[in-house]
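Here the protein sequences line up with chains W and D, keeping their order.
Going by this note's numbering, the first residue of the first sequence is number 43, and it counts up by one from there.
Going by this note's numbering, the first residue of the second sequence is number 43, and it counts up by one from there.
Quick caveat, the hints were computed from the structure, so don't treat them as lab data.
For clarity, every value in this text was computed on a predicted model and none was experimentally measured.
Mixed in with the good hints, there may be bad ones.
One copy or two, either will do: identical chains are not told apart, so a pair holds if it fits within one copy or between any two.
As the list claims (entries may be wrong) - No more than 30 Å apart at the CA atoms, straight line, and that leaves these computed lysine-lysine pairs for DSS-like: (1) K290 / K129; (2) K56 / K213; (3) K213 / K129.
Protein chains: 2
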Amino acid sequence: MNIDMINEAAIRIKGHARRTPMLTSPFVDEIAGRRVLLKCEALQHTGSFKFRGGWSMVSTLTPQQLKAGVIAFSSGNHAQGVAYAAKMHGAPATIVMPADAPKIKIENTRALGAKVVLYDRATEDRDEIGARLAGNELTLIKPYDEPLVIAGQGTTGLEIAEQAAELDVEKADVLVNCGGGGLTSGIALALEEKAPKMCVRPVEPVGFDDVARSLKAGEIKANEQLSGSICDAIITPQPGDITFPILKHLCGEGLVVPEEDCLRAMAVAFARLKVVLEPGGATALAAALYHGDKIQGDAVIAVATGGNVDAPMFQTALSKYGS
Amino acid sequence: MNIDMINEAAIRIKGHARRTPMLTSPFVDEIAGRRVLLKCEALQHTGSFKFRGGWSMVSTLTPQQLKAGVIAFSSGNHAQGVAYAAKMHGAPATIVMPADAPKIKIENTRALGAKVVLYDRATEDRDEIGARLAGNELTLIKPYDEPLVIAGQGTTGLEIAEQAAELDVEKADVLVNCGGGGLTSGIALALEEKAPKMCVRPVEPVGFDDVARSLKAGEIKANEQLSGSICDAIITPQPGDITFPILKHLCGEGLVVPEEDCLRAMAVAFARLKVVLEPGGATALAAALYHGDKIQGDAVIAVATGGNVDAPMFQTALSKYGS
Numbered sequence: 043m044n045i046d047m048i049n050e051a052a053i054r055i056k057g058h059a060r061r062t063p064m065l066t067s068p069f070v071d072e073i074a075g076r077r078v079l080l081k082c083e084a085l086q087h088t089g090s091f092k093f094r095g096g097w098s099m100v101s102t103l104t105p106q107q108l109k110a111g112v113i114a115f116s117s118g119n120h121a122q123g124v125a126y127a128a129k130m131h132g133a134p135a136t137i138v139m140p141a142d143a144p145k146i147k148i149e150n151t152r153a154l155g156a157k158v159v160l161y162d163r164a165t166e167d168r169d170e171i172g173a174r175l176a177g178n179e180l181t182l183i184k185p186y187d188e189p190l191v192i193a194g195q196g197t198t199g200l201e202i203a204e205q206a207a208e209l210d211v212e213k214a215d216v217l218v219n220c221g222g223g224g225l226t227s228g229i230a231l232a233l234e235e236k237a238p239k240m241c242v243r244p245v246e247p248v249g250f251d252d253v254a255r256s257l258k259a260g261e262i263k264a265n266e267q268l269s270g271s272i273c274d275a276i277i278t279p280q281p282g283d284i285t286f287p288i289l290k291h292l293c294g295e296g297l298v299v300p301e302e303d304c305l306r307a308m309a310v311a312f313a314r315l316k317v318v319l320e321p322g323g324a325t326a327l328a329a330a331l332y333h334g335d336k337i338q339g340d341a342v343i344a345v346a347t348g349g350n351v352d353a354p355m356f357q358t359a360l361s362k363y364g365s
Numbered sequence: 043m044n045i046d047m048i049n050e051a052a053i054r055i056k057g058h059a060r061r062t063p064m065l066t067s068p069f070v071d072e073i074a075g076r077r078v079l080l081k082c083e084a085l086q087h088t089g090s091f092k093f094r095g096g097w098s099m100v101s102t103l104t105p106q107q108l109k110a111g112v113i114a115f116s117s118g119n120h121a122q123g124v125a126y127a128a129k130m131h132g133a134p135a136t137i138v139m140p141a142d143a144p145k146i147k148i149e150n151t152r153a154l155g156a157k158v159v160l161y162d163r164a165t166e167d168r169d170e171i172g173a174r175l176a177g178n179e180l181t182l183i184k185p186y187d188e189p190l191v192i193a194g195q196g197t198t199g200l201e202i203a204e205q206a207a208e209l210d211v212e213k214a215d216v217l218v219n220c221g222g223g224g225l226t227s228g229i230a231l232a233l234e235e236k237a238p239k240m241c242v243r244p245v246e247p248v249g250f251d252d253v254a255r256s257l258k259a260g261e262i263k264a265n266e267q268l269s270g271s272i273c274d275a276i277i278t279p280q281p282g283d284i285t286f287p288i289l290k291h292l293c294g295e296g297l298v299v300p301e302e303d304c305l306r307a308m309a310v311a312f313a314r315l316k317v318v319l320e321p322g323g324a325t326a327l328a329a330a331l332y333h334g335d336k337i338q339g340d341a342v343i344a345v346a347t348g349g350n351v352d353a354p355m356f357q358t359a360l361s362k363y364g365s
């Protein structure tokens, strides 16, 4: 896993994935007490960065592999990213999703032409189900522990380096909402090469801080629970076998924020930046806004990873913090 | 008023105004029955295209003029655009706003350092108030009937031409939410030069269709009422003396959509594109989605002009049409 793979992924996704904007607002800066740059992957195709990794891997498959189809297991964003990338390659997709995923994610995945198989997040093991369904024919697109997927997510980091330089930001903490660590490790690898003064820091919700604890312990630690968070997009059992060594080598200390701060950050993104974020997509922004004492420097970069939120959850954020 | 002025404005705003994304979604295409490209000026600084025109004019002022300050009258988006452009130039700004403007617009304008003067939209004449306050010292930044402002808004058209070409769209109706016609005329001038197969068409809400009626009559017609619309951003007494001849020369027939369709379009933008639009910023998208029978061609471009909406109004849109 290295920068060359990310550069190659950037060539494959060019003209297919969107170069998402880096958003700023003087109002957001004032709340945070420093400059905030928001890399807005909620505006990526399918509403999250996951399309990058999906396209990165699907675009390397042979015609035979495409014809046989792909399979993925996902809480919803990887599902849509893979489904759309597969559809654009003319490949059938089977997606294994938790039954408690946001309705919009399940519906969108189906609407993108994928066959959706639901499972119970608390009692069933999605890896096992995925492996069984995959058999020998379907190509499994893992959500994070797959070099081609990490390389695709890492293209976000190439853009962050360029866009931060345009805004004269050379040194900053780069906060990334972190599940299995595919995006975080990809960005860390990209920035190690392109913007070495940046410090990538994973952000997780309270109660699901496996990455922060793993980094502290120097070895992989698991979450005690796997459901019950509004930040569904970034809840995974533990960091990946491929991603964790990268995180350990390149990342700063993990940040952990209360879920309520994610709802507050969603309301700020609505009012000040005009983007829709889901709770798990607003975790890094929440850290930038409300946990600045744990951040270094005059500027901070937060990655807004996704915006696939059901209307009632968004309305809750606005009702509580919208004025 | 010509393309050279728009090209010059593009040089002045480069690195200051944001090059906003052109968003797409297969789900949106499906509703519209054709490809939809959404030029998303809600993601512009201050949440609307108005920053372009504000910067375009303020950046031409002399040091003495900047020191004396600027004045503008606006329902809120021009207010914020001028206030922020003035602030970034170190110039004091006085903004005359209707008392019934969305709270977020009034608050943001004040927070951007401007002195805000409120007036009653139904009984007072904002032009008269503005002229009186301006006196001989302050530079008046008109919202649309000012060549330097039209030139700034027209830079949106330069970007539309480039971004549409990248997506292989050469010929399309370009739907623009239209108040006084500054943005619409600017885009029309830019596209006349850069993408002559495009047809710019103003879009307005039912009951406030002065531009559509003026185009039909071949002469300026006024609105009968000036308040009572949720599309506050695009309610003006009548097309401008400078903008109307341009609209008459270059634009296709105006489109008129019910306000309720704007709320529906806001919910679609939330779910499918992850952007926050205000009712008057969603009018063109509403026409693309729900009035396709009045549109020509395989693709349509809609300009999403602004996203400065109070939380309760946005929640209304989601409650009605969010699932």
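Against the structure, the hints:
In this assembly of identical chains, the alpha carbons of K290 and K129 never lie at most 30 Å apart, being 35 Å within a copy and 44 Å across copies at closest. For a Cα distance limit of 30 Å, the shortest separation of K56 from K213 qualifies both inside one copy, at 27 Å, and across copies, at 24 Å. In this assembly of identical chains, the alpha carbons of K213 and K129 lie at most 30 Å apart only when taken from different copies (26 Å versus 39 Å within one copy).
Checked against the numbered hints given earlier, this structure breaks only hint 1.
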